[in-house]
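**Student:** Residue numbers (this note's numbering), protein chains in the order written: chain G, 9 to 770; chain Y, 9 to 770.
Everything labelled a hint here was simulated from the structure, so no lab data went into it.
Computed from a prediction, not measured in an experiment: that's the story for all the values here.
Treat the hints with care, as some may be off.
Identical copies go unnamed one by one, so any copy, or any two together, can satisfy a pair.
Claimed, not checked - In silico SDA-like pairs for lysine to any residue, Cα to Cα no more than 25 Å straight-line:
#1 K405 with A164
#2 K405 with E590
#3 K718 with P755
#4 K589 with G411
#5 K405 with P592
#6 K295 with T262
#7 K359 with W78
#8 K486 with Q585
#9 K398 with R601
#10 K200 with H456
#11 K162 with G234
#12 K80 with P592
#13 K20 with K154
Protein chains: 2
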Amino acid sequence: MQEQYLKIDPWKIIEQEWNPEKVIASESIFSLGNGTMGMRGNFEENYSGNTFQGSYIGGIYYPDKTKVGWWKNGYPEFFAKVLNAPSWIGIDVRVDGESIDLATATVHNFQRILDMQKGCYNRNFEITTPAGVRLQVSTTRFLSLKRTEVGAIKYAVTPINQNIDLELCSYLDGIIVNQDSNWDNPFWKPLKQQNSPSFSALLNRTNKSAFGVCTFMTNTFEVAGGSPLEPSTTTASDERIGTHFSQSLAAGSTATLIKLGGYLTTLNHDENALIDTAQALATQSMKRGFDTLLEEHQKAWAEIWNSADIQIEGDVAAQQGIRFNIFQLNQTYSGSDARLNIGPKGFTGEKYGGSTYWDTEAYCLPFYMATKPPEVARNLLKYRYQHLDKAIENAEKLGFSNGAALFPMVTMNGEECHNEWEITFQEIHRNGAIAFAIFNYTRYTGDHSFLLEMGLEVLIAIARFWAQRLSWSTQKEKYVMLGVTGPNEYENNIDNNWYTNYIAQWCLLYTQEQLEWVARTHPEVHAECITKMGVGEEECQQWGAIAGAIYFPISEEHGIFLQQDNFLEKELIPENQLNPKERPLNQHWSWDRILRSPYIKQADVMQGFYMFASHFTEEELERHYDFYEPFTVHESSLSYCIHAVIAARLNRMDEAYDFYLRSARLDLDDYNKEVEEGLHTTSMAGTWISMVEGFGGLTFENNSLSLRPKLPDCWESFTFKIQFRGAVLQVHQSKEQTKFHWGGDQPLSILLHDKPLTVSPS
Amino acid sequence: MQEQYLKIDPWKIIEQEWNPEKVIASESIFSLGNGTMGMRGNFEENYSGNTFQGSYIGGIYYPDKTKVGWWKNGYPEFFAKVLNAPSWIGIDVRVDGESIDLATATVHNFQRILDMQKGCYNRNFEITTPAGVRLQVSTTRFLSLKRTEVGAIKYAVTPINQNIDLELCSYLDGIIVNQDSNWDNPFWKPLKQQNSPSFSALLNRTNKSAFGVCTFMTNTFEVAGGSPLEPSTTTASDERIGTHFSQSLAAGSTATLIKLGGYLTTLNHDENALIDTAQALATQSMKRGFDTLLEEHQKAWAEIWNSADIQIEGDVAAQQGIRFNIFQLNQTYSGSDARLNIGPKGFTGEKYGGSTYWDTEAYCLPFYMATKPPEVARNLLKYRYQHLDKAIENAEKLGFSNGAALFPMVTMNGEECHNEWEITFQEIHRNGAIAFAIFNYTRYTGDHSFLLEMGLEVLIAIARFWAQRLSWSTQKEKYVMLGVTGPNEYENNIDNNWYTNYIAQWCLLYTQEQLEWVARTHPEVHAECITKMGVGEEECQQWGAIAGAIYFPISEEHGIFLQQDNFLEKELIPENQLNPKERPLNQHWSWDRILRSPYIKQADVMQGFYMFASHFTEEELERHYDFYEPFTVHESSLSYCIHAVIAARLNRMDEAYDFYLRSARLDLDDYNKEVEEGLHTTSMAGTWISMVEGFGGLTFENNSLSLRPKLPDCWESFTFKIQFRGAVLQVHQSKEQTKFHWGGDQPLSILLHDKPLTVSPS
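Just chain G, same shape as in the assembly (with noise of 0.2 Å):
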């Protein structure tokens, strides 16, 4: 049993007692976001103990310059790293002169709650001070969904045992430095400051990127019952700027002080309004008050819940994972701007620097298609359209030419951030996600805007990469992939793996297939785009020629396709029989016995059978899930899902069910010992996955929505939605049935455990 300090709710994470030593796994449990910026729980009084405080803005990141022992050739310069932003959240609050501090002081009645239907994080705790003050504080913080510069803080103090005189200084704090820093350079350059009474700012640059960043705040004081106090402004430091409120208080009565504060930044503005904008901005927001901020703010959550809940009944455990998931999925990116991404940490924490990896394409994708608006998924494609240039010159520093394109493995902008040779050069399947990403949004939203209009350009050069990739085996008569590290990060150079070989052949096919279709109906689009790319009949033939001879390694004894040339080579022992205490085997294991083992740390031939679900019959799938589980390690959080839909698919529901616990309360139950740094953001996407895609049986093949409903033994039943051509569709699994509420204007067919449906409007 993992441990569980935070307690099952539906809809809330609770955290009931104060535990020191937990601090910093609930400033991860307890972060907030908005699509546009982020932070984690931190506390907004001054806390002497350990702690990780960390504020992220969307886009804004700092090219750190890569750190290796041994330089290799085709190493990138930079890894752009995600940014710990100024903070506004600070509050000094202090108590006949002294500062109080949950580490100091003693601590009663301590609870926080991050109410995810709502979107908002309390804290209500008493304190005895050093000097025997007894004090109760209650904070409010949310980070407005509607208006995405701009947060808020309501932070009430009452003394309970004797008159006080209260100061509050709310403060912003320019004195930050990344965790995850390579050489401990500067990141940050202030430029300028603007203190006064109603109103402060910091402008800031980052070095190098050159982003300009404005952090503000505005405060309102007032004691209940009386009107609102005169601060006065301090500054504690050149970078740490604040107002300063001070009130003698009654024991019983409540002084609340409202802060509302966040960034304006140079992706929206001009550096030099930076400042003004986010006064006017500042002024209007608490003109239009906390309440009605709050309000607002509610209101968006309670939309993205009406169209994208998940309910579970009968396993409270399993419906707050899956909440918790969802919401911290909607916090992380909410597509409105196709220059951000998501984050494997979010807004939760600094590991894993950039900000997009495969993990988009092939985990979120699915979610944010299924539950938003088509824009919203549109916009992670066209996110990587934007980079085709980049991945262009990525392929060209690594020998390739002719327009062919490698999108890197790790990246803020479009270059390459990573630099471990067996990934950076060799994990090159992303490429083949990448183009399925568009396979699978073509597909199931019926949109082909993006192809014709970005999409075959990104296929054509990733088309491109494959057929110089694969080379010729005059041994086998076939063409190979050497030297490739597959999902399973667990082999490294190996030859022809399955998954990849597969893609690529797929990739071929599929820009193949794509060009003749976009000739046929949209002849002024393909000839625009040949011209473009200069790709001609005879190039485009030779990608089939190619396809139709790559080399898929199998095992006849087995009757499955290999995970690569070499993999029966290995002592096959299953996973279950090794000593408990070498697990994980990444903390135990050196890397060569990791490498030289049949140990998968993440679904790679599953993988390949998750994504083609079509091309292959249940007792393949059979064959090879039992085959390849018995070695599956899941030391990647993103495994989890992968196995929790094949299992569900098997009718193995117990195991589904096992996986998808792992990846649902994977943070909250900390499974890994890792959550202190920040949460398992794209892999909460893989959660979705293994819930609609697992139990739902969602799948979108042949034009039709398909859909096997599977309840896990422990449940009564489950209901999830998803978005499908404009309308919510809502399916309730029941141990007695599966019923339907289709909110489209004309029925809806479907196949229900592959029989014809028609679903009525309801």
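We have chain G already, so just place chain Y on it with the hints.
**Tutor:** Just chain Y now, with coordinates in the frame of chain G:
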């Protein structure tokens, strides 16, 4: 044609002109060493131009914290670095109050000479200072081979065109840093200093490794015809102390400074006694006098040349090359201290940090074994024996047990320093070279004492490693070796590298055989070893069983052993069809492209054919050479020599000659454009191999010394000497005949071109 700014000369390295852009290259070329300490050819006087300052002391290192991009389990915490030590050579020459500086003065008649016969480094030049003074300077420097803690400088200054006020400030410089530093941590901690007119000393301690080092000097100064002058002391800064002389000097008269200096370390002395001992040594040495020290030193060099010189008639460039190589090898390692070893750059640079690679056993041992008394090579073997416990610990970290040892890839003190998984964890053939060296030493010297006293333990630990590292393939019904890097580092994480499998098999069988031999011949040693190592009959038989069932990849089509399982899957385009602009590949191709190419960095299968020459027929050798040579790009300095030996065996003398020259003049002609970083010291032993084992055809197999001398077309003759069983055998090969000179008492039976011959004592 490579750049040749150095004059071709049989015994000397001569730079004839002032080349400011060649200063750093020449600092490498003109390096001095005496096996205990060494230094680059830096100027004594101030120099404001580009320079790479370096003084090194054998066995004194700093464990620098490892630098990696992405940490992998098993990586070592530290990388031991060769240390740039405090410098004792500095002499600030002031003319009328201004320091001379070759970067700002006009330089005339500049000449420097490294006299390899005498082991001396001379510089002569004239300068005109910015103030118009013309000055003649003449210097001689050597590091005593006889008294290895002492070096000497004679520095003579003559004003030519006017009388001057001359000041000479001779100093010790503790303000030094390593260029090769991971984190710019300070490597040295100053402890104490002593500064009197007759003696100066800096006592420093290395951080972390805590080696105490006393850098000392003593000076005398006189004007020609006068008596020695009194110095005064100076302190330029805390870490730069010195002795100051001043004198009015008439035009045409010469002032000469004699400076003796060097290091005493806690490797050989108590830290508390270092300064006093140094003072005694300095006083005694100065009493002995510069000329006597030089005489002793030259005598020691004469002895070296007497037993190790190689003469080539008709090719001065080749002659200079081999002497330069022999000279540097003798400067680097004297074999008197088993704690020292041979770094890839000797005492000429910092690159490659740690001191010991497999270079020692695979390339250097034959040179020292055949040109020195057996104790020298024996100390190289003993070095590894001293590290056996650490090698067992190292293997344990990688998951091995029961006393299996993996010797480190790079080391100073037995701990692994290297941290690139594909090398550190996978280039395990190094273990084989260490076992082979024991075999090689024992068969050549006939001395079994090392085997009995230490070698057997090393062999057992290595055999255990291989027995555990090989794994059973149920497909092949053979033992396979998955996930290794062979000598060709342009392939990583490959399966069944033929060379590694072959040497593993050989190790298992040789260990088994030696255990049996010891049991028969030295039962008491055998009993003791069995008890100490806990090795039983069963384990020993198991080694034989495994050895007998090891898999070797072959190509029936080509009739060859394959470098690794999938070698033939590659696109086999010969290297001479590559674009010359893309050479060397490692500077132009990304790592993944190199890895999936067939290009071989250095002898791999051919390394095995070189080491186990008698196991294969000449037809087999030829077939393999013809297959692999066309893919060999020789981008390691250790590649030419092996191919030279094999080409000579195959009577391809032009090819052998080309390879020989590439190896012999690698640094003098700066083929790789990197001589500035230091010399390729260990590959110099490879040059000797290509000469003596290549052109000389020296082998020792089946208890017989065998020679097959062959003369390259462009040579008149060559003559080499080897130490064999206590005497020197000289072999002279001219176009007409082979002549021998044998210094032993008894006739010597050899094979000459495979025919028995008895060589009488001369």
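**Student:** Does each hint hold? Answer for all of them.
**Tutor:** How the hints compare with the structure:
{"no.": "1", "hint": "K405 with A164", "in the structure": "neither (57 Å within a copy, 55 Å between copies)"}
{"no.": "2", "hint": "K405 with E590", "in the structure": "between (40 Å within a copy, 13 Å between copies)"}
{"no.": "3", "hint": "K718 with P755", "in the structure": "within (24 Å within a copy, 92 Å between copies)"}
{"no.": "4", "hint": "K589 with G411", "in the structure": "between (49 Å within a copy, 22 Å between copies)"}
{"no.": "5", "hint": "K405 with P592", "in the structure": "between (36 Å within a copy, 16 Å between copies)"}
{"no.": "6", "hint": "K295 with T262", "in the structure": "within (22 Å within a copy, 91 Å between copies)"}
{"no.": "7", "hint": "K359 with W78", "in the structure": "both (22 Å within a copy, 12 Å between copies)"}
{"no.": "8", "hint": "K486 with Q585", "in the structure": "between (38 Å within a copy, 23 Å between copies)"}
{"no.": "9", "hint": "K398 with R601", "in the structure": "between (36 Å within a copy, 20 Å between copies)"}
{"no.": "10", "hint": "K200 with H456", "in the structure": "neither (47 Å within a copy, 79 Å between copies)"}
{"no.": "11", "hint": "K162 with G234", "in the structure": "within (16 Å within a copy, 92 Å between copies)"}
{"no.": "12", "hint": "K80 with P592", "in the structure": "between (29 Å within a copy, 14 Å between copies)"}
{"no.": "13", "hint": "K20 with K154", "in the structure": "within (21 Å within a copy, 81 Å between copies)"}
Against the hints set out earlier in the document, violations occur for numbers 1, 10.
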